[in-house]
Amino acid sequence: MRYGPLCRVTAAPKPKTSEAHKRSDGRTGWEELRPVFLKASFLSSAAGSAYFEAGGTKVFCAVHGPRAWASSSIDAVVHCEVRWAHFSGRREETRTAAGGERSRPSESATDEERELGASLARTLGTVTRVEMYPKSRIEVSALVLEDDGSSFAAVVTAAALAMADAGIEMADLTAAMTAAVVDGNVVVDPNAEEERRASGTVMVAYMGNVGKVTDLVQTGEMEIGQLAHAIQTGCQAATQVRGLIKACLEKQAGKVLKKRGRGA
Amino acid sequence: MPKVENGAAPVGLQFGKEMGTLALPGEEIGKLVDTTPPHGLQSPQDQKRAVVRLGSGVTQRGSSLLSSKAGKVCFDGRRNKTWVENNQKRYVPALEDMVIGVVEERHSEDVRLDINGTDTATLSSLAFEGATKKNRPHLDIGSLIYCRITRASKNMEAEASCIEPGSNKSWVGGEALYGELKGGNVIQVSLGLARSLLVPNGPVLTTLGAKIPFQSAVGVNGRVWIQSSSTEHTVLLSIAIAKADTMPADEWKAFVKKMLEQAT
Amino acid sequence: MLSGAEKTYIEAGAAQGIRADGRGLLDLRPVTLETSLLPTASGSARVRIGGVTDILVGVKAEVVEPHVNAPDEGLMSFAVECSSLASPDFVGRGGADLNAELSQLLTRLYASSATRELRRGLALIPGRKCWVLHVDALVLDSGGNLYGALSLAVRAALRVVTLPRVVIIPGEADDDDEIEVNEEVFERLSRSEDAPVAVTLSAVGGRGIYIADSTSEEEACAKAAITMGVNLAGRACGAVSGGTGGVDMDTLKSMLKDAVRVGGDILKTTDSFLQDDIARMESGEEVEPVGFFS
Amino acid sequence: MPPATKRSRSRGGGAGGLEYISLDGLRIDGRRPTEVRKIRCSLGALSRADGSAYYEQGNTRVLVAVYGPREPHSRASIQHDRAVVKCEFSTAMFASPVYRRTWKGDRKSTAAALVMQKAFEGVILTASYPKSQIDIYVQVLQNDGGALVAAINAASLALVNAGVAMSDFVVACSVGFVDDTFVVDPSSLESASDRPELTLAVLSHSAKIASCQLDSKLPDGESFERALEFATSGANQIFKVLEYEVRKYSLNLLDSRGLVAL
Amino acid sequence: MEKFVAPGDKVGEVRSYRPGHGVYVHNDILIASLVGTLITEKPTNGETMPLLRVSSSKYAGGAPPLPDIGSVVTAKITKVTPRAASVEILVIDGRPLRELFKGTIRQQDVRQTEIDKVEIYKCFAPSDVVRAEVISLGDRHAYFLSTAKNELGVIYAKSRAGVAMIPVNWQEMQCPVSKAREFRKVAKQ
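Chains as they are written, first to last, in full-length UniProt numbering: chain R, 1 to 264; chain B, 1 to 264; chain F, 1 to 294; chain E, 1 to 262; chain P, 1 to 189.
Isolated chain R, as found in the complex (with noise of 0.2 Å):
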């Protein structure tokens, strides 16, 4: 058994104390993020992995290969699968509102699982440089395995770690935040409790050192400007959260350096 070295971050912007800012988690600023917990290189039969908790949003995430893939591009291929666990709090209710007839065995992917499967897939196409792994398939998997909002964000961003941890080149790290209009006001990364109250939400895919967003849902109604302000603070927070990322790896490299020294 391996345990990979742990990391936990509190988010660092100190609350601008006001009682008119307060959240319905105790956060005390629109901008603050939850407590982040980041793992990486957990598991050992994985090219790389990755944990991330952000409040009581917990997501996991494995990467295998690069794997030998028949394909007619000569780049590689991402794969990913996306899903939610049955307790995860968010499954549940997203089946029954597409009408009862229509429902599918639980075991098969919703549609919006693929639909996010497939985005994620876009967002890690877009940051690796698939041009130095021809003629292969990376493949990705993502469990959320509690929801407690901006969940798709959170998986990004352990994907982003777990690609990381395994070693495959990337332009860039990227990280992902969500932000919600609720009540008039721009929150970021919102819990479970105020995505439901508010009236739009956007996630953001971020490359905070290229500065390029690499992925966008976008659900609800939404102002444009409100909007454009919206991903504006969300690549912030993505940028910060970047940061964390690659605190983890960094600290994680001291790990492993420090048994490779011992072992020598």
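Simulated from the structure, these hints should not be mistaken for lab results.
Fair warning: there could be bad hints in the mix.
Below, computed lysine-lysine pairings styled on DSS-like, alpha-carbon distance capped at 27 Å [claimed, not checked]:
| no. | chain 1 | residue 1 | chain 2 | residue 2 |
| --- | --- | --- | --- | --- |
| 1 | B | Lys258 | B | Lys243 |
| 2 | P | Lys122 | P | Lys79 |
| 3 | P | Lys79 | P | Lys149 |
| 4 | P | Lys42 | P | Lys79 |
| 5 | E | Lys248 | B | Lys89 |
| 6 | B | Lys134 | P | Lys117 |
| 7 | R | Lys255 | P | Lys3 |
| 8 | B | Lys133 | P | Lys149 |
| 9 | B | Lys243 | B | Lys211 |
| 10 | B | Lys31 | E | Lys208 |
| 11 | B | Lys182 | F | Lys7 |
| 12 | B | Lys154 | E | Lys131 |
| 13 | B | Lys48 | B | Lys81 |
| 14 | P | Lys10 | F | Lys253 |
| 15 | P | Lys158 | P | Lys102 |
| 16 | B | Lys133 | B | Lys182 |
| 17 | B | Lys89 | E | Lys118 |
| 18 | B | Lys81 | E | Lys248 |
| 19 | P | Lys149 | B | Lys134 |
| 20 | B | Lys253 | B | Lys211 |
| 21 | R | Lys255 | P | Lys10 |
| 22 | B | Lys182 | B | Lys169 |
| 23 | B | Lys133 | P | Lys42 |
| 24 | E | Lys248 | B | Lys31 |
| 25 | P | Lys179 | P | Lys158 |
| 26 | E | Lys248 | B | Lys243 |
| 27 | F | Lys7 | F | Lys223 |
| 28 | E | Lys208 | E | Lys108 |
| 29 | P | Lys10 | F | Lys223 |
| 30 | B | Lys154 | E | Lys118 |
| 31 | B | Lys169 | B | Lys134 |
| 32 | B | Lys89 | E | Lys131 |
| 33 | P | Lys3 | R | Lys251 |
| 34 | B | Lys243 | F | Lys7 |
| 35 | B | Lys243 | B | Lys89 |
| 36 | E | Lys248 | B | Lys253 |
| 37 | B | Lys89 | F | Lys223 |
| 38 | B | Lys182 | F | Lys223 |
| 39 | R | Lys251 | P | Lys10 |
| 40 | B | Lys31 | E | Lys240 |
Could you slot chains B, F, E and P onto chain R? The hints should help.
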């Protein structure tokens, strides 16, 4: 009357009463008749004359000739050949056809070309004038190649070549007729239009050429390559040529005139 | 397969503001819109773009129980099927992933609060009975801009949906209220104008260059794309990104603005057309369908 | 618009005591027993397919696309001496009056696809296209009875449109048996699972039978022959329409090539 | 001083550095594409600028290995036909693989001389281990490998008796127990 080319009357063949015009699959277009004189003697020339050649779209059942496609019944008196002409989208390779192919796969000794046909064609990387093992063109996937068909058999993959018989212009000089088409744009037109564009001094290209100078290469497989001094001109030319497919002649002339006026 | 020449031609053209079919960057191809072509559906529409992309939508209605979370709203369920007619790739389960993505986009567009009034109009007895609209779309032919064509066809079909009038019969004493469907009188949906239309902008060529209503050849060259739902209020109601290139922030912001503008134009044009169409239908005048239905 | 919906629904409801043939010998929709529903069709309706056709027979509407002859996608299915004909039959979810979730590849669709594959394998000159594949895709948009008949007729048109060589032209027609009378081309109101129905596909020029399906049994052998007669006469009526359309289409096509003589 | 970098970190500019392993160039800026420590290598003969590369923390050589043109692989023969031998690639440039990659040694790529006379059966047998070079990314199913160099070919083979054989010359191996000789395309040690 069938569309008759090269005036001579059919020998050993009698067209049915619905001679010419249009035939449907299964329809009898004519009958084979015995031309042997009663005394049983026939000069070798006459024997040769009496050979009835069946082209595409014609099948034989007993002494009946049946159409196997919907189209116009045609007859060539010089070769005593009958066929049914129709306009299909897919190209069927025929010997010495000039086609435009797109490199679909690269192998060490040859490339496979997509020629818009039922099957691909192979083009040896040595099938260029003056090409040697050491010095031969580098053909990337997606390159456009103007070439001629040197082997066409329904049982085997077609073979293409960029060597022009009777010419010794090397592939390096850029003067050879066949070879890679660089720059410009390629459009897809019907096989019928492509054939009509190949007629020397044909109306479409001549009309356009009088207004805008350009280079073109026409493949009988329905691909037309156009290159002019500016993207804008190439766009106009592409649209005009594509329109010639569906517009009656007068309407097309008027359209081209109007389009060029608007453009300038 | 797209050749290298076509690719550079499309990219170079876009950089100069010209497209292969002569359009400007944000111009649309001609759209053919027909409604009410399926006699057995409550509403139907067919949209063709540029004579290549072809979508047929049929809406059927049933009375069901509403969802627990929204007892005073009716339901809408979306299913898109890419027919094998459009490409041999869709044979069997071949189109499953694309079907899921397209269905999901529609679900996303209609899930927002922007169409709440439309859903409320489908409620019959709160918590017990409501209409469900089964919106089924068939992709018959695909030549680019599937999202746009699909959303337009769905919106047009919803605009012309008519449902039989439902009378609520108050229950006696402890009995619950019951409903009676009057098959003689048909009514149009209320607030169907709230339905959004999706606009896809695809980034091709250099930085900051993007096009609307792309053809399949242009889509093959696109590095990134944003699809956004736009309603009459000019708001975003559901957006997703596509492609594997990423977009910088400035380009993204201007894309969002342009998407709203393009979407607004589409809504204006189609609504005026639909109004004429509906008026003519109500006056009993036959609308001559075009295309293969003629 | 909905009047049509209303009418068919209310009639369907009272099917128990419905009279299929009126006293003056006319059917519910006013047709004579030997009369085929109104047919409308067009060739080349789709842009990407090699051949396509839209076909309407009464309220039954189908679209058919033909792809090929092309390189087979799976190596396993290659036949070195002939082309492989594949067929897929699918029905739109809104095709029938009652909403029903349909799936590709259910039993009925698979059976229909098989009938078509067999019928067209016999008529396409497959030996002319070795190592290739010809796909026929059927999409039923509206089904008011006789979807298979419409699909076969549309497929014939689409194959002609694609320029696929065929030894003959296939035309199909069905015959139903209601109130002791044979009715040509029954609509969905006239057909029911327990009533006999014969679907016949014939080769229009050689008059050979390409396919013959009988659902439920007929009273005796003699009536089978009568049914065949009715179906053949129906097929001939249909062929006249199709032939006219094909000629019209081909002429237009060859005329637009007139630019050569500009 | 060792510097820790992650993908996306700017590490230098093209006017002063050359990109090495795990570093790419975007808009004239050198950016890391791997997690690890940044290493600056002094310019070697002929080069003017120092090289920047990332030494990955997890694997000895960085990213998981993938067959590439020119890499020397160790592979196991799985199938032999008159036209080609199929292999499974086990090791690439000295690094073991995590995933299964298939390769093909075609008749014309077995040796340098008398290409037309090659009989695959006399060169390889299933379960032999060979050293080969990747010559192309091959077709959809396999990489194309070559053993047409002296140092390439069979490096380990068992005799019928199940004992590892000893090379006799470049085309024969011998069983140390039974002394029986078998034909192989033997790699020069």
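Do the hints match the structure? See the list:
Our distance criterion of 27 Å between C-alpha atoms is met by Lys258 of chain B and Lys243 of chain B, whose separation comes to about 13 Å. For the given pair, Lys122 of chain P sits about 13 Å from Lys79 of chain P by alpha-carbon distance, which is consistent with the 27 Å threshold. Proposed proximity of Lys79 of chain P and Lys149 of chain P is supported: the alpha carbons are some 22 Å apart, at most 27 Å. Our distance criterion of 27 Å between C-alpha atoms is broken by Lys42 of chain P and Lys79 of chain P, whose separation comes to about 47 Å.
Taking the CA atoms of Lys248 of chain E and Lys89 of chain B, the gap is about 19 Å. The hint holds against a cut of 27 Å. Only pairs whose Cα atoms come within 27 Å are accepted, and Lys134 of chain B paired with Lys117 of chain P is accepted, the gap being roughly 24 Å. Proposed proximity of Lys255 of chain R and Lys3 of chain P is supported: the alpha carbons are some 15 Å apart, at most 27 Å. Taken as a hint, the Lys133 of chain B and Lys149 of chain P pair is honoured in the structure, with Cα atoms around 20 Å apart against an allowance of 27 Å.
Between Lys243 of chain B and Lys211 of chain B the CA atoms are separated by roughly 17 Å; this keeps the pair inside 27 Å, and the hint holds. Taking the CA atoms of Lys31 of chain B and Lys208 of chain E, the gap is about 21 Å. The hint holds against a cut of 27 Å. For the suggested pair Lys182 of chain B and Lys7 of chain F, the alpha carbons sit about 12 Å apart, so the restraint of at most 27 Å is met. About 9 Å separates the Cα atoms of Lys154 of chain B and Lys131 of chain E, which keeps this hinted pair within 27 Å; it holds.
Distance hint between Lys48 of chain B and Lys81 of chain B is fulfilled; the C-alpha atoms sit about 13 Å from each other, no more than 27 Å. Proximity of Lys10 of chain P to Lys253 of chain F is assessed by CA-CA distance (about 26 Å); at most 27 Å being required, the pair is judged to hold. Note on Lys158 of chain P and Lys102 of chain P: the hinted pairing holds, with a Cα-Cα distance of about 22 Å set against a maximum of 27 Å. Our distance criterion of 27 Å between C-alpha atoms is met by Lys133 of chain B and Lys182 of chain B, whose separation comes to about 23 Å.
Restraint check for Lys89 of chain B and Lys118 of chain E: satisfied, since their Cα atoms lie roughly 25 Å apart, inside the 27 Å limit. Between Lys81 of chain B and Lys248 of chain E the alpha-carbon distance is near 26 Å, which keeps this suggested pair within the 27 Å criterion. Taken as a hint, the Lys149 of chain P and Lys134 of chain B pair is honoured in the structure, with Cα atoms around 20 Å apart against an allowance of 27 Å. Proximity of Lys253 of chain B to Lys211 of chain B is assessed by CA-CA distance (about 12 Å); at most 27 Å being required, the pair is judged to hold.
For the given pair, Lys255 of chain R sits about 24 Å from Lys10 of chain P by alpha-carbon distance, which is consistent with the 27 Å threshold. Taken as a hint, the Lys182 of chain B and Lys169 of chain B pair is honoured in the structure, with Cα atoms around 18 Å apart against an allowance of 27 Å. Only pairs whose Cα atoms come within 27 Å are accepted, and Lys133 of chain B paired with Lys42 of chain P is rejected, the gap being roughly 39 Å. Proposed proximity of Lys248 of chain E and Lys31 of chain B is supported: the alpha carbons are some 26 Å apart, at most 27 Å.
The straight-line distance between the Cα atoms of Lys179 of chain P and Lys158 of chain P is roughly 12 Å, inside the 27 Å bound, and the hint therefore holds. Restraint check: the Cα-Cα separation between Lys248 of chain E and Lys243 of chain B comes to about 21 Å, which is no more than 27 Å; the hinted pair holds. This hinted pair checks out: Lys7 of chain F and Lys223 of chain F have alpha carbons roughly 12 Å apart, not beyond 27 Å. Between Lys208 of chain E and Lys108 of chain E the CA atoms are separated by roughly 26 Å; this keeps the pair inside 27 Å, and the hint holds.
Of the supplied pair hints, the one linking Lys10 of chain P and Lys223 of chain F holds, its CA atoms being roughly 24 Å apart against a limit of 27 Å. For a cut-off of 27 Å, the pair hint linking Lys154 of chain B to Lys118 of chain E stands: about 23 Å separates their Cα positions. The suggested pairing of Lys169 of chain B with Lys134 of chain B holds, with an alpha-carbon distance near 18 Å, which does not exceed 27 Å. This hinted pair checks out: Lys89 of chain B and Lys131 of chain E have alpha carbons roughly 19 Å apart, not beyond 27 Å.
For the suggested pair Lys3 of chain P and Lys251 of chain R, the alpha carbons sit about 13 Å apart, so the restraint of at most 27 Å is met. Only pairs whose Cα atoms come within 27 Å are accepted, and Lys243 of chain B paired with Lys7 of chain F is accepted, the gap being roughly 22 Å. Of the supplied pair hints, the one linking Lys243 of chain B and Lys89 of chain B holds, its CA atoms being roughly 16 Å apart against a limit of 27 Å. Our distance criterion of 27 Å between C-alpha atoms is met by Lys248 of chain E and Lys253 of chain B, whose separation comes to about 25 Å.
In summary, the hint linking Lys89 of chain B to Lys223 of chain F is not supported, as the alpha carbons are separated by about 30 Å, beyond the 27 Å threshold. The straight-line distance between the Cα atoms of Lys182 of chain B and Lys223 of chain F is roughly 23 Å, inside the 27 Å bound, and the hint therefore holds. With a C-alpha separation of about 20 Å, the suggested pair Lys251 of chain R and Lys10 of chain P falls inside the 27 Å cut-off, and the hint holds. Among the hinted pairs, Lys31 of chain B with Lys240 of chain E is consistent with the structure: their alpha-carbon atoms are about 24 Å apart, no more than 27 Å.
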